[in-house]
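Student: Using the sequences plus the hints, can you model the full thing?
The numbers in this note's numbering rise by one with no breaks, and the one at position 374 of the sequence shown is 374.
None of these hints come from the bench; they were simulated from the model.
Heads up, a few of these hints could be off.
Derived SDA-like pairs (lysine to any residue); straight-line CA-CA distance at most 20 Å [as the list claims (entries may be wrong)]: (1) K121 - S209; (2) K330 - A79; (3) K121 - A79; (4) K340 - W386; (5) K168 - D193; (6) K75 - Y86.
Here are the simulated distance ranges between beta carbons [claimed, not checked]: (7) T190 - T53: 45 to 55 Å; (8) A248 - A375: 29 to 39 Å; (9) D40 - D3: 14 to 24 Å; (10) D300 - S209: 49 to 59 Å; (11) D161 - D398: 52 to 62 Å; (12) D415 - A169: 28 to 38 Å; (13) A403 - G59: 43 to 53 Å; (14) T389 - K68: 44 to 54 Å; (15) G41 - S209: 20 to 30 Å; (16) A403 - G363: 15 to 25 Å; (17) N361 - D207: 19 to 29 Å; (18) T53 - S418: 19 to 29 Å.
As the structure is a prediction and not an experimental result, all values here were calculated from the model.
Note that CB positions come from ideal geometry on N, CA and C, so glycine has one too.
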Amino acid sequence: MTDSQQERALIGHLLRRTGFGASGAEIDAASALGYQALVDGLFAAGPDPGVDTTPPPTGLADPLPGDKASPAQKKAANAQRAQAAYELIAWWIARMVAAHRPWAEKRTFFWHGHFATSVQKVRSAALMLEQNQTQRTLGGGDFRTLMRAMLTDPAMMIWLDAAGSTAKAPNENLARESMELFSLGVGNYTETDVRQAALALTGWRLDRSSGKAIFAAKAHAAGPETILGRTAAFDVDAFTDLLMAQPANARFLASRMWFRLGSSDPIPADTLSRLISAYGASHDLRALARAIFTDPVFTDSAVTAASASARYALVKQPVEYVVGAMRALKINPPVDGSAKESALLRAALNGLGQLPFAPPNVGGWPSGRLWLTTAATQARITFAHWVATAGDVSLVADAAPSARIDAAAHLLGIDAFSDRTRAALADVAGDPAALVELALLSPEYAVN
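Tutor: Below you can see the structure in the form of structure tokens.
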């Protein structure tokens, strides 16, 4: 490839990792800026004009029928909760599709998986929306602030049974996951640390009428506690600071972000060192993300026969696959969760195995080839047929028959099809919608 072609391919790589796919037109427009300017633009301040068209849904109040409610009243409340959850899912998908600067939404989606919380247990779309907005607002700042917010986030408190944890009856769930899954990783704490940390996090309760976390000092363990080798009268702030002071925190978070945004292969030692340095003592998430996207392994400038490239090293998650296809084909999903298109979206995401606001467990969703299951194949086929039929395929239809395969690649932001894929696509080149549908099912579109 020429230098300009290599630069264009690299920019496509960046756009896919910092967003939800990228059409050829988007890659062409970004190529005019150059790679470094594009990276700088990811972290520029200011609102995204695209997402202004998808304001947060209203009417998500959590219905509280009470213990004396009749079966009919409880059934109605459950139906109202389910409808609110549908509205919330439709809103976020619409926001992802509309975003002109999708990094903020991609970053928020990363944190949603990192601090995995499900509406199925929380049973409040309003609290899930609040958590989502917190992760969007704080997810590009310093990790200490985000971590502290999550420890008393109302949805998280319900999800991990932390609401009502008292000195006499401390619950260990939040203490354990705050170390194992959120900040330090397995092997960097003991069971004694979990029990002592649970005491540090006592005293918080949830006012369901207001949806606010409230600290009740009388229910908080007075201490002292000994956690991770330090003895003090810990509260939630001191516990957060203690987690941030652990060397394991930088290693864990840098590795976790690289795994989701860089490559599923083991992180090279030099790359890890660079990312830890960028994260620094200030726990700078913006600097960490910038270091990922400019690392020589990410950009392929340091790849040798002995090291793996980050290019195409990830399998698209279902949300990335679905949102990317809708963006490329100019399909605007309705914010109304009861609309037919929203039902089709939910069916597709459920069939593919990744419904926003409903991760399977506290560990979040799987990754890599685990998404390419036989069970998900039919859902992928059904979705590809729907969007190729309903979407804008005029770029392919207007091309000469001999150029339609290349036009489909450009439409979907695919650098190139393999000879085997081109041979399969050639069989349907006479039908633009069928060609796009098959391209969406190709191995080249499945990777990121």
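Student: Would you mind marking each hint as holding or not holding in the structure?
Tutor: Outcome of the hint check:
no.: 1; hint: K121 - S209; verdict: holds, 18 Å
no.: 2; hint: K330 - A79; verdict: violated, 32 Å
no.: 3; hint: K121 - A79; verdict: holds, 15 Å
no.: 4; hint: K340 - W386; verdict: holds, 12 Å
no.: 5; hint: K168 - D193; verdict: holds, 17 Å
no.: 6; hint: K75 - Y86; verdict: holds, 17 Å
no.: 7; hint: T190 - T53: 45 to 55 Å; verdict: holds, 50 Å
no.: 8; hint: A248 - A375: 29 to 39 Å; verdict: holds, 36 Å
no.: 9; hint: D40 - D3: 14 to 24 Å; verdict: holds, 21 Å
no.: 10; hint: D300 - S209: 49 to 59 Å; verdict: holds, 54 Å
no.: 11; hint: D161 - D398: 52 to 62 Å; verdict: holds, 57 Å
no.: 12; hint: D415 - A169: 28 to 38 Å; verdict: violated, 57 Å
no.: 13; hint: A403 - G59: 43 to 53 Å; verdict: holds, 49 Å
no.: 14; hint: T389 - K68: 44 to 54 Å; verdict: holds, 51 Å
no.: 15; hint: G41 - S209: 20 to 30 Å; verdict: violated, 43 Å
no.: 16; hint: A403 - G363: 15 to 25 Å; verdict: violated, 46 Å
no.: 17; hint: N361 - D207: 19 to 29 Å; verdict: holds, 27 Å
no.: 18; hint: T53 - S418: 19 to 29 Å; verdict: violated, 38 Å
The structure does not agree with the numbered hints 2, 12, 15, 16, 18 stated previously, though it agrees with the rest.
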